[in-house]
Amino acid sequence: MHKEKPELSFKELFTAKPVRQILKFLSSMQLGIILLLLLAVISVLATLREHNTAIQSIYRSWWYLGIMAFTALNLLLCTVRRVKPLTRQALYPQKEQSAEAIARMPVKEKVVLAENLPAEKVLALVADAFHRSGLKTEITTGTHGKTVFAQKGVLGFFGSLLSHTGLLIILVGAMYGALTGFELQGGGIAGDRISVPDGNFAVRIMDVWMEYEEDPTVRPRVYSDVSVTEGGREIADGVIAINQPLRFAGNTIYHTTFRYVSDVIMHNVSTGETSMHRVWDRDHLGLDSKGLHIHFLAFFPNFATNEEGVPYSKNYLPENPVLAGIVYDEKEKPQSHVYLYLNDPVTFSTADGEIEVTLTGFQNAVVYTITRNLGRPILVTGALMFVLGLYLSFFLHPRRFWALYDQEQAAVLIGGRSYRSRLMLEQELEQVVKEITRREDE
Amino acid sequence: MTGYLEVSPLGLAVENILFTIAAVAYLLSTAGYLFYIFGKKKLGPWASYLLRFSFLLHTAFLVTRTINAGRIPLVGHFEFGNVFIWACVLFYLWLEWRLQGRDYSVGAFLTPLVVLYLAYLTVAPHLITKINISRAHKPLQPVLQSNWLQIHVSASVLGYACFTLAFAVAIMWLLKTWLHNKAFARNLPEPLILEEYMYRASGIGFLFQSIMIITGAIWADTSWGRYWGWDPKEVWALITWFVFAVYLHARFTRGWRGMRTVMLVIVGWVAMVFTWVGVAWLLTGIHSFG
Ligand code: HEM
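First to last, the protein sequences are chains A and B.
Throughout the first sequence, residue numbering follows my numbering, covering 1 to 442 in sequence.
Throughout the second sequence, residue numbering follows my numbering, covering 1 to 290 in sequence.
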């Protein structure tokens, strides 16, 4: 097969001098350290800001995200660059070493034997001692004669590769999720329908109910039964509560909080006109055509006032429901407090005559956060890889030992190298030497 | 609305007594370790016995608290702090077991930190009005009733304990190098050995810190509808994580040794303590229950 050769191959492009230098800089750990420190410092400064929104704006700013992206690029390049050398180092170790090389190793020991035994026998004994310490052992024959080669924790070499790849996958997942997702707040009472145009579906609230805790002062759990439809066809249904979202096709409906919705009837005594209103906290209710209105502030399921006259709810049991608010005139000047007890009308004289306002009932409403996050499976995969990589990095310590037998001195020369922990290497060697001397005595 | 659990007077008394004795025993074993480091070598094993005894009492306290509260004590400053202290001692005792009685000097630096954390839980609220650490038994709010909470908090406790150990060793390193010709410093391990302790403790701490951040994100995703919201506690956990990431890379790939790495570990520990203490009293956020 013949292929037309491009003017500059991919490989050549990346080995051309200036490009190579830029790539080297971009993939360097120096840059990595600077970027990570920069992220840490900016994050510190951001959290010391006064206002939450100001803080949030930093993390959404182009330059903060830019530094993150730059760190990700740095991480990607340096991970890619490490693949080949790491694989070589992990899978193709040099199994034989000269006596001089062993003498230069960070950890070494010379075990002089009591009598001069045949090399075969000594090396077999040494190999067995390593084997007993849990290392993989083999005896190779090369230019320096026979060498015992023992190693453990090879997977540890790949720990950082795996954790970096996992981290990159997490970043990809977060980006993908942000680009393809949406977030929306909405809610209602039983019977309401929330339409979600971004997701092309609608949520119908079938039922809402509350389960009180044994201790009624503890915030109760609120459940709601919903049915999700797409073009009139039901695509999902289930019960939603706190920590119990409904998930379908990458979408999630979370219970965010609950509210009380009051049924209020307004009756004009002079004209006999009656109207019904559904009132949420903070809603306004106009009393006359001039602008007199009630601003409702809070609903108390079990109303009481403390010694200073401040209203509060004794607990969540609906034993003394009260809807409280303040009456304002047309100039937004507060006139008086209003406390609507259940089925106990309060009368106001207004420009339009006597108006009776009555709280006739109340219902539980739910507030949802509805989101789509298609990045979730990617995030989970990345997180698992990341944690597994960290585990390999910090719990498996790749270590290697080489041993030669010096027939003239009747001495075993052992040297070791580790990828991380020198202390562990020393302890292990100590143990192996002990084992060799013990076995030799037998 | 109060929201407290009712606890039997007996249960409460047992819990408080166990806590007090454990605290006093920690204090005494700290004294033992300090005597050890200042030359009374014979006291080493005794300090260690006392620490193990204190640890048992502290364990008994946590068990009593679990029974009294009817759940694992992982929420609120007081409970978190106790489990955190318990984990610090656990890791240190593990190190002592690995050393098989050859050296007790790390204990002389770890136990004062334990005492410092205890003082924060018990004395600081009396001195600083802004700090308000309640010992009351509270039931779990619905949002906290999740298995992820247990994994998340356990991971953070273990991570913080490792970082505390790394910090204790960092201080040892500083004293060893500054006072190298004093008798006191001669009782400390060689700087290279200390650096290795610091490295291993930080590495394992980093693993737990990562698990903490990830499980926290999963938990936030199921209860708040977002996995990351840049709230101060989250950001400070991330800052701590960044600092230790810098340390691990600087040591591992750039071959940094000595002072620079010790400083990074100290900064990382400060960030960790701020995540726990500072965020709660100086910054505000959704995490205010922790
Ligand atoms: C916050 C993000 C990062 C995390 C969590 C992370 C995690 C890790 C871990 C756990 C190790 C093993 C370290 C050890 O054994 O002490 C490691 C090694 C390494 N990291 Fe990172 N890393 C991050 C960012 C970076 C960046 C931005 C670079 C880019 C230059 C980088 C380059 C390296 C290199 C070259 C190694 C040594 C790899 C080896 O030969 O095994 N890391 N990283």
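Please note that the accuracy of each hint is not assured.
To be verified - 30 angstroms max Cα-Cα, derived DSS-like pairs, lysine-lysine: (1) A:Lys290 / A:Lys333; (2) A:Lys434 / B:Lys42; (3) A:Lys314 / A:Lys331; (4) A:Lys121 / A:Lys84; (5) A:Lys17 / A:Lys84; (6) A:Lys121 / A:Lys146; (7) A:Lys152 / A:Lys108; (8) B:Lys182 / A:Lys314; (9) A:Lys434 / B:Lys41; (10) A:Lys314 / B:Lys42.
Said to hold, decoys possible - With beta-carbon atoms standing in for the labels, derived distance ranges: (11) A:Trp62 / B:Leu93: 46 to 56 angstroms; (12) B:Ile17 / A:Lys333: 55 to 65 angstroms; (13) A:Phe395 / B:Glu190: 21 to 31 angstroms; (14) A:Phe25 / B:Trp228: 25 to 35 angstroms; (15) B:Trp97 / A:Glu214: 35 to 45 angstroms.
No lab work stands behind these hints, which were simulated from the structure alone.
Yeah, the Cβ is synthetic: ideal placement off N, Cα and C, and Gly gets one too.
*Against the structure shown, which of the earlier numbered hints fail to hold, in ascending order?*
Failing hints, ascending: 3, 4, 8 and 10.
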